[in-house]
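Fit chain B to the given chain A structure using the hints.
Number of protein chains: 2
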Amino acid sequence: MKYLVTGAAGFIGSSLVDRLLEQGHEVVGVDDFSTGLLEYLVNAKSSHFFTFIEGDLRDPSLLADALTDVDAVFHLAANADIRGGLAHPRKDLEQNTLVTFNVLESMRQAGVKRIIFSSTAAALGEPEVFPTAENCSIPVQTSLYGASKMACEGLISAYCEGYGFEGYVFRFVSLLGPRYPHGHVYDFVRMLRADPTCLTILGNGQQRKSYLHIEDCLDALLLICEEKRAAKGSRHCFEVYHLGASEYCRVEQSAGWICDELGLKPEFKFTGGERGWIGDNPFVFLDINKAVTAGWVPKYSIEQSVRETTRWLSNNSWIFDRR
Amino acid sequence: MKYLVTGAAGFIGSSLVDRLLEQGHEVVGVDDFSTGLLEYLVNAKSSHFFTFIEGDLRDPSLLADALTDVDAVFHLAANADIRGGLAHPRKDLEQNTLVTFNVLESMRQAGVKRIIFSSTAAALGEPEVFPTAENCSIPVQTSLYGASKMACEGLISAYCEGYGFEGYVFRFVSLLGPRYPHGHVYDFVRMLRADPTCLTILGNGQQRKSYLHIEDCLDALLLICEEKRAAKGSRHCFEVYHLGASEYCRVEQSAGWICDELGLKPEFKFTGGERGWIGDNPFVFLDINKAVTAGWVPKYSIEQSVRETTRWLSNNSWIFDRR
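Sequence order for the protein chains is A and B.
Under our numbering, the first residue of the first sequence carries the number 1, and numbering increases by one thereafter.
Under our numbering, the first residue of the second sequence carries the number 1001, and numbering increases by one thereafter.
For reference, chain A alone in the conformation it holds in the complex (with noise of 0.2 Å):
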């Protein structure tokens, strides 16, 4: 299959270009470095089987040559920064909504129908109900990127229903393992490099949230797009999964492991609130039953999660050196 990942040079696209090429698939990334890393693309570089294309994609035009003989397209490029979201309410409007837009609008006038789009958790605002199924009830935003990736996820059902596309949307809750550059594992550890006797955490620390490591995610994402492709001929050529653990782990707990790993025992002092900032969401834990019901199988505790996030970045250093 020849597939394009949008977002190539990211966190999850890199890893996904790299399991891609394993299986011997061939790869289209598409990534304008601005927040991937060349570094994480060193090895699919190397393969014949993969072509790369630097560049923006609120560039309408962008994809019109890169989607030829295309199978599916894994969008993953997004302004994925929650937390500055207030700060430049644009961004996530134009890198994730328009984006999406320009991404659909190419795979149309291409002729390639199938997308696979990662969403999030974040989209559900402060859901009610817990875990939190696919089908809940129709979220109260509470960040500029959640409005978006719910803006994106009804752009690409009004494409399947409207233009005979194919869709995936999975929402993941945050994403931990090797290659991941930002979010509070990042923050923890950067912070307690420049004073190992002090952690400043967001909020109470009480905070619920569930992780996933990103070989979990992968499996998923591949494991239901395969089998999916078997199984058409419903109306709605369209199916949302949500990924996450089977558990939810207290901020001050992670700290806790992070610290652990490290070998510190730092002093935690707490900025207050349930929320970390306008936007965190308290308690965010999903009912993952229905990507397992299809078979998919999680072999990551959030422990294990933390532990082998804190290592890569002990072991990856460089990446605290970036800009």
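Worth flagging that the hints you see were computed from the coordinates, not collected in a lab.
Source: prediction; values computed, not measured.
Incorrect hints may appear among the rest.
Unchecked claim - Below 35 Å or equal to it, Euclidean Cα-Cα: the simulated DSBU-like pairs (lysine-lysine) are: (1) Lys-1091(B) / Lys-91(A); (2) Lys-2(A) / Lys-1091(B); (3) Lys-1002(B) / Lys-1299(B); (4) Lys-113(A) / Lys-1091(B); (5) Lys-91(A) / Lys-1113(B); (6) Lys-1113(B) / Lys-1265(B); (7) Lys-1290(B) / Lys-290(A).
Said to hold, decoys possible - Label-pair distances were calculated between CB atoms; the ranges are: (8) Gln-1109(B) / Phe-320(A): 30 to 38 Å; (9) Leu-264(A) / Tyr-1163(B): 35 to 43 Å; (10) Glu-128(A) / Val-1297(B): 28 to 36 Å.
Virtual Cβ for every residue (Gly too), placed ideally from N, Cα, C.
Relative to chain A, chain B alone:
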């Protein structure tokens, strides 16, 4: 109070403007006449309390000065042509999603924080529960129009959470009444003017639809906005209300009332199928209990609305000669 109304020359917008002026409010109206009609503003333009701005809201600076001292914005401007969406996929994105973003950003810059937004039952896709309540499952979109309106809802709720906005979203069924400019009654009357012996009905005519009279709609908008202004204090100043009739009819029934009102007995020809077109929703029936509990008393039956609309179209046949 001073209100800004976008889409002020439209069916709903111009009716709202007249009502607000009647109540003694100051009104700034904005429209680009892409679908709005100058004829609908004749009354408003005679008032000293009305200011009109002709312009396209895709221009982000259009509202920069218009928002001075405005208490709240009724954002009604939109592309409302659901059926044409697939022929020009960029239109709903630009005229609905992007324009709503521009309105929100202009409001934020001007310090205006109260927005009333016209969403739609079409943003619910094809729900599984009837009558459909505000907190129904996340929809699978069946039209680009619905997708764009749900994207607007998401933006508004994110602005409420992030910037302290106060947002009221009303999901309407199709409206009827004086100034009604497009939709099935319009199409049927137009076709019967051309050929009184035969009426072509898209689909099998068994589509179940709910319709709301413009006066009932305006009652709800004004009542709930006034009510809620007093009852603040919840963490989210964001509320969604469904507005529709407490009943539904079949398209064939509606055609019968229209013909009866016109004194005609044409042959009905059905194009067949459950849906009249891609994105046509075979069953629209909203649960309006939330609005009713807030004190709203809708007065018109669907039959009354259809008959009154037919009479209005007959008495205002100039509307068929536009453009």
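How the hints compare with the structure:
no. : hint                                 : in the structure
1   : Lys-1091(B) / Lys-91(A)              : holds (21 Å)
2   : Lys-2(A) / Lys-1091(B)               : holds (31 Å)
3   : Lys-1002(B) / Lys-1299(B)            : holds (28 Å)
4   : Lys-113(A) / Lys-1091(B)             : holds (21 Å)
5   : Lys-91(A) / Lys-1113(B)              : holds (21 Å)
6   : Lys-1113(B) / Lys-1265(B)            : violated (52 Å)
7   : Lys-1290(B) / Lys-290(A)             : holds (32 Å)
8   : Gln-1109(B) / Phe-320(A): 30 to 38 Å : holds (36 Å)
9   : Leu-264(A) / Tyr-1163(B): 35 to 43 Å : holds (38 Å)
10  : Glu-128(A) / Val-1297(B): 28 to 36 Å : holds (30 Å)
Of the numbered hints listed earlier, the single one contradicted by the structure is hint 6.
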